[in-house]
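Given the structure of chain A, go ahead and fit chains B, C, D and E with the ligands onto it with the hints provided.
Chains as they are written, first to last, in this note's numbering: chain A, 62 to 367; chain B, 140 to 415; chain C, 140 to 415; chain D, 446 to 711; chain E, 446 to 711.
Since the hints were derived computationally from the structure, they do not count as laboratory data. The beta-carbon is built from N, C-alpha and C at its ideal position, and this holds for glycine as well. Take every hint as true, because none was put in to throw you off.
With the Cβ distance kept under 8 Å, some of the chain C side facing chain B (calculated, not the full set): (1) I258; (2) P337; (3) V345.
List time: in silico DSS-like cross-link candidates among lysine-lysine, alpha-carbon distance up to 27 Å: (4) D:K705 with E:K583; (5) E:K583 with B:K310; (6) D:K583 with C:K310.
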Amino acid sequence: SHSAMAEDVNVRFSWKLKGEYGFFYLGEQKGLYKDAGVTLKLGEGAGSQAALGSLIQGQEDAVILPGIFAISAIQKGMPVKIIALYQPESPIALISHPDKAVTTPKDLEGKTIAHAVGETGTSYLGAFCEINKIDCSKVSKVQMDSQSRVPQFLQKQVDVVSVYKTNDLPVLEDKTGTKFPTLDLTEFGLAVPGMAVVASDDGIAKKGPALRSFLAANAKAIEMTKADPAAATAALKAVWQAGPSDKVVQQQIEATAASIHSPAGTPIGHIDEKAIADAIKLIGSVEEIGDAKPMSSFYTNELLTQ
Amino acid sequence: MASTDVIGAAQAQKKQGKGMSRKKSRGPWLERYSALILAVVLLGAWQVLVPLSGLSEFVLPTPLAIATRIVNEIPLLATHAYVTLFEVVAGFAMGVMIGIPLALAIFYSRAFERAIYPILVALQTVPKVALAPLLVLYLGYGWAPKITLAFLISFFPIVISTVVGLQSLDKNLVNLVRSMGASEWQTFFKVRLPAALPNIFGGFKVAVSLAVIGAVIGEYVAAERGLGYLQLQANSLFDTTLNFATVVTISGLGVMLYFIIDTIEARVTYKRDAAK
Amino acid sequence: MASTDVIGAAQAQKKQGKGMSRKKSRGPWLERYSALILAVVLLGAWQVLVPLSGLSEFVLPTPLAIATRIVNEIPLLATHAYVTLFEVVAGFAMGVMIGIPLALAIFYSRAFERAIYPILVALQTVPKVALAPLLVLYLGYGWAPKITLAFLISFFPIVISTVVGLQSLDKNLVNLVRSMGASEWQTFFKVRLPAALPNIFGGFKVAVSLAVIGAVIGEYVAAERGLGYLQLQANSLFDTTLNFATVVTISGLGVMLYFIIDTIEARVTYKRDAAK
Amino acid sequence: MSATTQMGAAVDISRLSKIYKTREDDDVLALDKIDLKIEPGSFVAVVGPSGCGKSTLLSLLAGLTPASTGSIAIDGDGVSRPHPKTGVVFQSDLLLYWRTVLDNILLPIEIKKLDVAKYRARAEELLAQVGLAGFGNKYPSELSGGMRQRVAICRALIQEPGLLLMDEPFGALDALTREQMIMDLQSMWLRLRNTVLFITHGIDEAVFLADRVLVMSPRPGRVDLDLKIDLPRPRQWSKTHEDKDYHAYVRQIRAIFEAKGILVAH
Amino acid sequence: MSATTQMGAAVDISRLSKIYKTREDDDVLALDKIDLKIEPGSFVAVVGPSGCGKSTLLSLLAGLTPASTGSIAIDGDGVSRPHPKTGVVFQSDLLLYWRTVLDNILLPIEIKKLDVAKYRARAEELLAQVGLAGFGNKYPSELSGGMRQRVAICRALIQEPGLLLMDEPFGALDALTREQMIMDLQSMWLRLRNTVLFITHGIDEAVFLADRVLVMSPRPGRVDLDLKIDLPRPRQWSKTHEDKDYHAYVRQIRAIFEAKGILVAH
Ligand SMILES: Nc1ncnc2c1ncn2[C@@H]1O[C@H](COP(=O)(O)OP(=O)(O)OP(=O)(O)O)[C@@H](O)[C@H]1O
Ligand SMILES: Nc1ncnc2c1ncn2[C@@H]1O[C@H](COP(=O)(O)OP(=O)(O)OP(=O)(O)O)[C@@H](O)[C@H]1O
Ligand SMILES: [Mg+2]
Ligand SMILES: [Mg+2]
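One chain only, chain A, in its complex shape (with noise of 0.2 Å):
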């Protein structure tokens, strides 16, 4: 039988549940990872700096993190590579209160923004500036910590914050009953990679067949929970103790499902190397890195069964 010859998968959040990993449970629930001849450990996670950590120390196989904070931290020499991207742009919006509402990149001018240190979402809002012809020097940005952001703008004390349109957003709107004007950064151009799995360099040479059956039944739970997200809302509320309601939970997987996309004729989680070089470059723009790592060091696609 499978079980008998399956390898232990260990994988690694970057953060604690959430409606993005719901088809991960759905795929356990359903026996695809046993069925790819994996046994799956999920862990949740404090960040992906500790995740990373472990995962060159050879105590995780795979992490699932912001794949932004991957190609930064290859770019700084850490072996490791993106082995799916899911998200080849992060879900992102930047929302606002009905009063000042913020629907275009011209109506940020003269508003104030929450920003934390190393958040996906106003990181590159310079980019995103250029890209859109505004002046971002008409924008404060008021730094907090991420924790505060919500509760800030909620509070108003700024104007505008950003958010995960598959997790924070439907939470939100629940909580609040308010619709939030939203300014969907993707569609306007900003390309930050969002969920993607990462391996080390040496797992990859060590459990390459592991990981391929992992991210082969990863593609399966994905769309199976495209297919019935009800029942990937109810194999995740089933280890989340503490989550939101099932309507919401629904919500942030109906979403997540629908941020997945790959370029057509391609497997599920291909990595698009222009989406890295794009990414190296919005990186660059913020910080000094020096020479773009060869791509090859990034990512590769060869886990990813056609």
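Positioned in the frame of chain A, the structure of chains B, C, D and E with the ligands alone reads:
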């Protein structure tokens, strides 16, 4: 003072408190319930002021909302509280078991004191969050890193106050038991320790509340259970009320542990009556 | 003991340390440099073990790498360190100025003690991060929230140890100065305070290292400057070496402040020689 | 009698009782309805068996312990706090270990907010008088038991109190230093004519120094005998000790003790 | 002389000096080359002016302070730490405030790891003997000065030490309680025949109790006179005090003090 019956006056004095130089307390009733009264007053003010101040419930929920939420979530909070409690107690116990011998070593050896103090202080001030990735790496995501953090942050006050307690002992008392042929071991248990107990317990009180902080930080970093984890979860769901419900539970845990230590102290130490 | 010249023997004894029951120290040389020696040994071990253990520099850089980085980044680190230092000192000073009067109130009034202790403990254990949005809301993004956090986390040990110090005073000494007609104010400054100083300084030592933690947490929450902010920055850029360089600077700050307090203590307190 | 200004305080004690609460609730009646009037400027000695309540009486007079019943007045003011005219030598020396000998002696001056610099010379003088010249800069831990006690006496004397309460002040002194101190105390008193309450365990010392000796009974403390000592002043050491009235007083007091069964015959 | 087993320790002190280091670096020579041999089972009293080094000598004998030069041997063993045969009554009572009176008395028994239960009755007996029956469960803070001192004496006696060092043990006692204690001490010693070094400030007490009185000179402490007291045993209170030899001894010792200029003539 009028000349009244001896026994009557004595009883009056007993009720009044201990010494005449002491401010007259307004009876034991106020004393007994003062904590409650103050708590009620503060919570009442909070309840009333939150809506008035225009604070959104996303920033600061009212106490009533928090209390209601706590009651509704008792099972959830309890499950996580047990985890945190265990970590705190284990971390604190480690702090005691390592802190006190360390304090002894510092007390006895000046060379050791000089060598170890800077390291202890450095350890104490290192931002624990910076250690987190390392801890996770070596200790995994289980109990170990949280207990370690609770320990790391809590043992310093134990060391310091034990050392202060040991140093403040009257040299003559040590000579007394030495003259009876006491070994250093006996000197410690018969004189040094009892005399230092008030200090040591003072250290314990600070340490236990820090241990709570340590465990919660540990749970922020590497946990899938515990009140710190629950708090982060609540936060990422913008569930401020649950966040505060958790925070209140965490504080409650701290207060409970504090009073357990206070009770033990009252049992094992002889308090000299200090003239007020 | 051989019968030698009195003065010669006396000098020998002076060199040897204070009492005969004290373990013979291996001379003042070891004593003086023990911190340095231990530090060198530990750093050496770290330097050697990091590569051997297969730890990536992304997880734990070698001390040499960190040291080099610190040297290269001195201007950057210094700018941020000044900010943090100011916050720590201000928060600690607030802790002293509020903690000591609070300790006095607790010492003098049992009702107050009962009422206030649970609140202090609760305040101490509340995860400070949970307070962040509130602090930022009310205190903005400047110095205030960081100083407040440094204060909040550091004043509890000051309160506890001051209370312990005040309580341990021999009642007869208070009666002595009272019999001279001392006001309570004078009693405090002439007797209570001097006698409690060793305890109070013990509290200060714990408090100052906590104030560092508090300020750094404050900078995580709401800062555009300071070592905590720098650390967050380094972290988000996966610059582990800079991260550790910052951590070392933070610890260094703590150690420095600790020794400043230790030095002040040595100047203002009369240490009874405790028999070892 | 010399004619210095009348600085001695008058003490009026009526039906004074003191009950100590104990942890075990077997309360101790230490003083039982004591009535006592002390004339201003008189020298009263108190003797009594150990534990009879002498120190308790002193503590009440000093305003440090509240009476259980009854009242004390000093110069007509009811005592409920230390009276400013009072100076006390306690049974144990109670030197502040963090102050030098000189600073210990100057403590009451500091507390009374007087000019410390002005009293420094006086403090040195007192030190010399008790045989401790040059010890001003030592710390109490560097002194012997008897030396500490002498410092405590200097501390009480520096303010020249109108009411001087002394609790076995010469207990730790060798016979000869004590003789010296007794004579010095008499001279001081003759000069100042303040009121002195002198607790002692030496009957001879009591009779030698006092105008009046109070003999207290074992617990609960009462005044068993109030004996006026009629010996000429200034008393001289050898002369007074050879006086037969002196010996009669001493015998009379001893007799009371023996009658109370304190003394077992050998 | 009774014929109990020879339990007294022999003490041999040679060229013993003690220098105290001080903070101000004006070091104090407290004992200066003392030579002294004490026969097992003898009762030696030490008198001398306050601050002459009596307590220092005791502390050295007890093995608590290191000698600066010279050596001490107890039963032939060089003393560098407290000798197990030694029992000490210190000049201050040093009761542990967190222990009851009884537990304070039993402390040496606990430390010697003997059966505490077996000694409890003995402790009660001693307490009764010093007039403190029923005080076993009190705490030291509930006792008067003299009572505390008596408890400290009981604590030293409970182990029946071969070498008993007493530093002014009766200093805080009234004349009559002291008389009682002196007689009790003599009885104990006659029964045990242990070696006693008895520091006192009472010359009469010293002569009454001792086989040998050492008179020390003012600082630096030396033994000025080593006087054998040849009075019959057991000595009786009134009888001995009427003995003219007794008075001759007392006078002889006084004369030394006076010659040294300790006493100022009045
Ligand atoms: N704080 C206290 N609590 C309970 N009992 C006390 C306290 N202080 C004194 N006593 C008791 O009161 C009685 C009188 O004590 P006090 O100290 O006045 O005696 P004293 O005459 O001074 O004796 P001594 O000559 O031994 O000093 C004693 O029996 C003592 O046990
Ligand atoms: N720890 C110390 N440091 C410095 N000097 C000291 C110390 N202890 C005692 N001395 C000095 O040594 C001398 C002898 O002191 P010691 O206590 O032996 O006297 P003593 O004979 O017991 O006097 P007393 O009868 O007053 O108790 C004194 O002059 C004292 O000042
Ligand atoms: Mg007394
Ligand atoms: Mg002495």
